[in-house]
Each structure stands twice: as C-alpha cells, then as structure tokens.
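Going down the list, the protein sequences come from chains A and B.
Going by the numbering used here, the first residue of the first sequence is number 1, and it counts up by one from there.
Going by the numbering used here, the first residue of the second sequence is number 1001, and it counts up by one from there.
Treat the hints as calculated values from the structure; they're not laboratory data.
Don't take every hint at face value.
What the hints assert, rightly or not - Label pairs and their computed distance ranges (CB to CB):
id	chain 1	residue 1	chain 2	residue 2	range
1	B	Q1268	A	A6	34 to 44 Å
2	A	E406	B	V1086	16 to 26 Å
3	A	P357	B	E1091	36 to 46 Å
4	A	D385	B	E1091	52 to 62 Å
5	A	D45	B	I1095	51 to 61 Å
6	A	L414	B	T1121	36 to 46 Å
7	A	R119	B	D1261	24 to 34 Å
8	B	I1095	A	A35	36 to 46 Å
Stated by the list, open to error - One-sided and incomplete, this derived list gives chain B residues near chain A with beta-carbon spacing under 8 Å:
id	residue
9	R1017
10	R1018
11	S1024
12	A1025
13	L1033
14	G1036
15	N1040
16	L1087
17	Q1295
18	F1296
19	G1302
20	R1303
21	L1304
22	S1339
23	R1341
24	R1342
Said to hold, decoys possible - From the structure, some residues in chain A lie toward chain B, with a derived Cβ separation under 8 Å:
id	residue
25	W20
26	P24
27	R192
28	G221
29	Q225
30	L259
31	L433
32	A435
Note that beta-carbon positions come from the ideal geometry of N, C-alpha and C, so glycine has one too.
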Amino acid sequence: MLFPTATFAIFFMVVLPLSWFLMPRGERWRPFVIAASYVFYSAWDWRFVFLLAASTLWNQLFALAIHRRSDPRTRKLLVAGAVAGNVALLGYFKYFDFFVTSTNNLFAVVGIDVPLEARSIVLPVGISFFTFMGISYVVDVYRRDFEPVGLGKFAAYLSFFPHLVAGPIVRPSELLPQLEAPRDPRYVDTARAFFLIATGLFMKVVIANYLASNIVDQVFGAPNQHSSLEVLVGIYAYAVQIYADFFGYTNIAIGIALLLGFRFPQNFDAPYAAVSIQDFWRRWHMTLSRWLRDYVYIPFGGNRGSHVFTYRNLMLTMLIGGLWHGAGWTFVAWGAIHGTALVGERWWRERPGYVEPRSTAWRRAWQRFVTFQIVCFAWIFFRSDSFSDAWDIIVRLFTAWGEPSELVTGGVVLAIAVGIGSQYLPRRLPLALMARFSRLPVPAQAVVLSVALLAVHAMGPEGVAPFIYFQF
Amino acid sequence: MPTRRRHPRRRIGEDGRRLHSAGSAIVVALLTLAIGVLLNAPGLHKSATIQPEGWKRDVALGFTEPLTSVSEALLLDRPRRGLKAVLGRPEDDQIDTRIAVLEPPDEPPNPTPPPVRERFTPKRPLRLWIAGDSLVVVPGQSILRAVGDRRAIEPIGDVDGRIASGLERPDVFNWFEHISEVMRKEKPRAVVVMFGGNDDHGFMTGLPEGREVGAFGSASWTAEYRRRVAAIMDTVTRSGVFLVWIGLPITDDADQTRRFDTINAIVQPEAAKRRGLVSYLDTYFLFAVDGGYAQFVETDSGRLVRMRADDGVHFERAAGDLIARQILRRLNQRFDLTSWRR
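Given only the sequences and the hints, what does the whole structure look like? Please build it.
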C-alpha cells in the first residue's frame, strides 16, 4: 500500500477517525492500531505479517529477560543473542543469495565448485527498518536507558504503520513515551502535518518520478548511448531523485503520524547544502546516522582511542551502512567512498598545527560544491547494478562531450533546480507559510490543499513508482 | 473572582502555528479529498478504466463515472484540463481504444527473404527502434549498450517500454496508434518488440463493434489476439522493415508460464508466416534450467549469475545481455553491419 494512492487514502480516512475515537482508551487503541498496521503491511504480502510478529515476540522476550537479570555476563549474553537473532533474520532474507553468489564466484575464479545454491529469497518490505528498531529496543533496555514496556505497546511501536516500511527509524525513547498516554485531541499540529504531506507528495510524485522517467533510467540503463552532458545531468538528476523520493516519503510519514497525534524525528535537513561529508551525514537520513553512531560506531569504540582506531571505526560503520542499503558490492563501495571522505576530513582537521579557516560565503559555497560532487560521485555506485556499469558511467562522463543531449530538457533542469534550490530556501519561509495556513478557516484549508492535490496529480505521471527506500 | 477557562479554545503551537482539534483535521482531510477528487475526476476516471479487470475496477468505475459527470457539470474539470494543456499533455486523460489494422494485402506477404543483405555503415546506419511492455526494458537497454560500439546501428531514442501495457488494452496504452506514428515519423529500418507480459487474461478493450471475446485462450480470444499480433507485424513490416519479436520467458509461476505459452503459440506462427520480415526469438529455453525456472544460472565459466528479478518474471541485466546477443546475431544475419570496417 503506497502512500500516494487511492487505496491508502481510503485506508487512512477509516483509520484516522477511528484512531482518535479509540485514543482515550489505550487498551482498545493499541490493538486497533496494531491491526491497522498489520493490514497495511499485509498489502504487500500477507505471509510476512508473521515475520513482523515473530520479530516483535523475539525482541520483547529478550528485552524482558535482559531486564530481569542483574548479572552483567548473563545480560551481555542475552543482548548478544537478541542482536544475533535480528542480524540472522536480516542476513537470511537480505544477504543469503548475495553471500552464496559472492562465495561461489570467488571460488569459481580458482576453479573450485562450491556446493551452495541460491534460494531466490523474496525480500520482505521494510525488514531493514523494523529490524534496526528492534535492535534499538533490546540494546536500550540492556543499557538501562528505560524499562521494557508491555507487549502491546512494543508491538504498536514496532509496527506503527507510518514508519513501518521505510522509516524514519524512530528510537524507543522517542515513540514509546508517546504511546504511554493518550494524545490530546484538542491540539493537533494540523498545519505542519498537511504541509509535510503536500510537499512530500510533490517531491515524490512530481520531482522524483519526472526525473526517473525522463533522464535517470535512460542514462543509467545505457550510458554509452548518451552524451557526457546527459550523463553529468543524469547523475545530478539521480541525486535529486533519491533525495526527493526519500525526503518525500519521510515527509508524508511524519505528516500522517502527526495527524494521528504522534511526533516523529526529522530525517532530512537540506543535505545538499552540507559543507562537508560529516555535515552531510548530519543532514541526510538523520535517523539512520544516529542509529549507526549509537549502535555501531560507539560500540566499536568510537573515537576513544588512537586516530587510526577512530578511522577504522568510521570506515567500518560506513561499510556496514553501505551494506544495509543493499546486498551488493556497489553499495559497499558507496559506503567506502563516504567512509574514505569522512576519514580524510577528520585526518585533515587533526593534523598538527591545523587552524580552522575563517568561514566566508565564498568558502562555504566552495565547500558545498565540493561536498555535492563527492556525494554525487558516490551515488554513481549506489545506482549502478555493477562496477562495470559504474565504470561505463564514469568513462562516458569524459568521452562524449559535444554530442547531442536531447534528454537535457528545460523540464529536467527545472526539476533539478527545484530539488536542490528547495534546500537553500530560508528556514523561516516554510514556517511562515505553515503559520499562515494554520490561521485559515477549515474550508479554506481544504480548498488550498485540494488545489495542491490537483497540481500534484496533474503534473505527475500516470501511476506511481514504488519508493526507492522500500527495497532497503 | 475571575473565571478560569479550563481549556483555551485555541492554542498557538511551535513557530506561531495555530493548533487545531483532531475533529478539524478529519474534516479538512475529508473536504480536501472530496474537492480533490472532483478536480481530478478525469484523471481518476482514466486510472479506474485502465485497471486490470476485476471487482476493484468495477468499484472504481462505479465511483468515477458519476464523479466525472458531476465534475463536468460543475466545470470543476476545467482547471485540470487547462493545467494539462499548459504542460503540453492535453491527451493524458483521454482513453483511446482505436486499433489501426491494415487492410489485408491483395497478395500474401512474400515469404522469401531479400536476396541481398542490405549494407549499413556509420554514415548510413541502421535505424533501430526498441519497444514493448516493461519486459523489454532490460534487454532493450542491453541492446543499446551493445550497439554503442557498433557504429553501423543508430538507436531511435531510448527503449520505449511502457509499464502495464500490451495488445489487449489499448485504453492503457495504444500501441497500434503509437507504432504507426513511430513508423511514419522515425522511419526505422529494424524494430525489436516484446509484448504479452500483461496480456495473459481474458479482458480486452478496443473490440470491433458487436464483437465479444471469451476467456483467455478460448477460440474467440485467440482469434482476436492473433488479429492484433498480425496488425502489429504488418504495420512494422509493410515497408520492408525487419522485426524481431522477443517471445515470453518461463516464469516462477507454472500457471503464468502456461498462459505465456498460449501467447507464444499465437505469435510464433504469425512470425513464421512473415519469414524474412519477422524473426521470433524464443526466450523460454534461454532461461529454463533442467526444464524448470531458475533465478540464478551458472555460466560457462562457473559463475553463478542472477538472471531473473524477484517477481519471477522480469529480467536482470545478465539475462538482458543474453537476449541482446541473440538479437544482434539476427540483425547481423539479416543486414550487413560489419563490411564497412574492412
């Protein structure tokens, strides 16, 4: 069930009033929202509902067991077991075939036939997201950040449909307290909710879909049929497409949660306005960055050691982050590029005698330009199916200047400009728009939103492609 | 003593936004959807029409048909039509089911191939057009990558792959009109098509007045589908253009594979009737391992390669490359694409 569809609109218009109706009675609201979330999830494949339920039970049982034990060694063993179970679940569904083909092909080089067979395993949608949230829960209980909640509350937390299939990755400490007490139906931030949903729809349906079908798919499908200019613009277009796609999804998810009375953390903060790769990761998929920092980088030792130790931890974290995005070596390469850039930046700043230069507008503009180019270079590997495809793109970028560039149209350039330009808008502009919208009478709000819906529906292509992050 | 209101009627939230009640949120959402569907009625009606046959389509049509009438009566469809016109896409909401079928030729098509392989060079390249449903996209892109180094072939644009389209449903996308137009405007010399992936059911639109077809695979269905396949083949080949028709592959669903076999069994004889002009590429056995479906296939070098997508139908890039090699071999047999190098 994709957000920008009539099916979801009908689903949500049933769930929204019922949710508020049942909200004062938590013991009724929780089973209702769990059931609604499972219905939402089963729209992809009903069989995976059992997987979600199993993940819920697994994490809850381990959280309770960890909480009841005081012996540090036992607690450590239990948390290791819980994490191993989550990783095994993810490993089987997401990485088994990748492991088999990689092993098989590695040994094939030296002529050894490995008796391993790929199993054509279907990847359950959103498994990477709910597995990470499950790990958060047991590790936070282990760290004594909070006590485990009841099964109903935990099931509602893990399966809550706005975040279920593509995040944001909401930490237990952010959502579970909101599930403790009923939300106040008198004060809902409707203006922000509707603004986020409308902008999310525009970014996904209009910008992301337009760029995908008008330049990105063609350029990455057959780069040697396109000019260097088309390839260059195609790479920038993909940078905007993936941002618009994921930012759009997240906005809709946060807006929907807000209409139901729940606040989700922000997931993007103008990432293409970042002045360094470190800054980029503070702005891009912020909930994943935090997760990787708290549950991978810090447990590895973080920066509590020598410089080399810190660099190793940074690199390992980014490699794992790359592999999280997809079972392929190109995703590992994407993580490696970001890891190398992060290590490089850190090494540069930690040189003896380094003095931070004065920040000027020109300097920031240059830093933003360089950061964006590195990010776009990494996107080539992220989008390509193989290293040879990525290499084709890179080679073509330099070898076909002057050829006709029919794909570089005014519409494509405008969509890229909107995608990047929106990140340089003054922060007060959307806030002022939301404040003004919130003061409109209810019928006027509906008219404004209907016109936005008209624009999105009319400007978007027929049908809606799935969100890119569903596959991760 | 001043009275103290327990609950203020309105409250200002973050950044000066006025907070509203949940009831107000529900009313705004309902009103937005109500006005929004009226404003978008023509588009919603088309989306409903082009859905696969079934109760969901019936319900959607039952909802959007009166909605469109109301929208037109209130002139609420005008903003959308105006916006579409400004965007240069006024035909987006039209439902076109005309099937352009050529008059049967006075004489049957010449069954013998032309005696001389027509010669193409970088200065006079073979213009190649690749089109079809979503199944053609991956092999089509493989062909484009492969011909990048063969300067005697000039692709016409990118792969013209249309998701969810086929020969059964011109209302979803009218291939009959589109192919006629491309042949007229672009004048390709060779065409590669793949159809049928979305045609394995019994619902057809664009039927001639008074004609009805039975279930998928019935005699009436087969006759009508054959007529459409023949129409595409004749439209492409009437001016001597060479057509390669990619057959449907084995899938991970045995029932679907049987339905694909039914379609292949219609296409293959039609291609055979036009020998020399149409070449049918059988993909079934390219991807069948020990007679059955396989997602991963071991290559001659022992490498395990993923050939099919998770849906069990579409191709992965390695499969596309395999099909592309077969197609280029046929183009090389039919045309002289290499002698210019000597």
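Here is how each hint holds up against the structure:
1. B:Q1268 <-> A:A6: 34 to 44 Å: holds (40 Å)
2. A:E406 <-> B:V1086: 16 to 26 Å: Since E406 (chain A) and V1086 (chain B) have Cβ atoms about 22 Å apart, the given range 16 to 26 Å holds.
3. A:P357 <-> B:E1091: 36 to 46 Å: Once the Cβ atoms are compared, 57 Å apart, the range 36 to 46 Å for E1091 (chain B) and P357 (chain A) is violated.
4. A:D385 <-> B:E1091: 52 to 62 Å: violated (34 Å)
5. A:D45 <-> B:I1095: 51 to 61 Å: violated (32 Å)
6. A:L414 <-> B:T1121: 36 to 46 Å: Between L414 (chain A) and T1121 (chain B), where Cβ atoms are some 39 Å apart, the hint holds.
7. A:R119 <-> B:D1261: 24 to 34 Å: holds (26 Å)
8. B:I1095 <-> A:A35: 36 to 46 Å: holds (38 Å)
9. R1017: holds (4 Å)
10. R1018: holds (4 Å)
11. S1024: Result: holds, 6 Å to nearest chain A Cβ.
12. A1025: holds (5 Å)
13. L1033: Where the cut-off is 8 Å and the nearest Cβ of chain A is about 6 Å from L1033 (chain B), the hint holds.
14. G1036: G1036 (chain B) check passes; min Cβ-Cβ to chain A is 4 Å, inside 8 Å.
15. N1040: Cβ of N1040 (chain B) sits 5 Å from chain A, so the hint holds.
16. L1087: holds (7 Å)
17. Q1295: This hint holds: Q1295 (chain B) lies near chain A, its Cβ roughly 4 Å from the closest one there, short of 8 Å.
18. F1296: holds (4 Å)
19. G1302: holds (4 Å)
20. R1303: holds (5 Å)
21. L1304: With Cβ-Cβ at 4 Å, under 8 Å, it holds.
22. S1339: violated (23 Å)
23. R1341: Violated: closest Cβ of chain A sits about 18 Å from R1341 (chain B), beyond 8 Å.
24. R1342: violated (24 Å)
25. W20: This interface hint holds because 4 Å falls under the 8 Å limit.
26. P24: Not OK, violated: P24 (chain A) not within 8 Å of chain B, min 11 Å.
27. R192: holds (6 Å)
28. G221: holds (4 Å)
29. Q225: holds (5 Å)
30. L259: holds (5 Å)
31. L433: violated (10 Å)
32. A435: Interface hint status for A435 (chain A): holds (4 Å vs cutoff 8 Å).
Against the hints set out earlier in the document, violations occur for numbers 3, 4, 5, 22, 23, 24, 26, 31.
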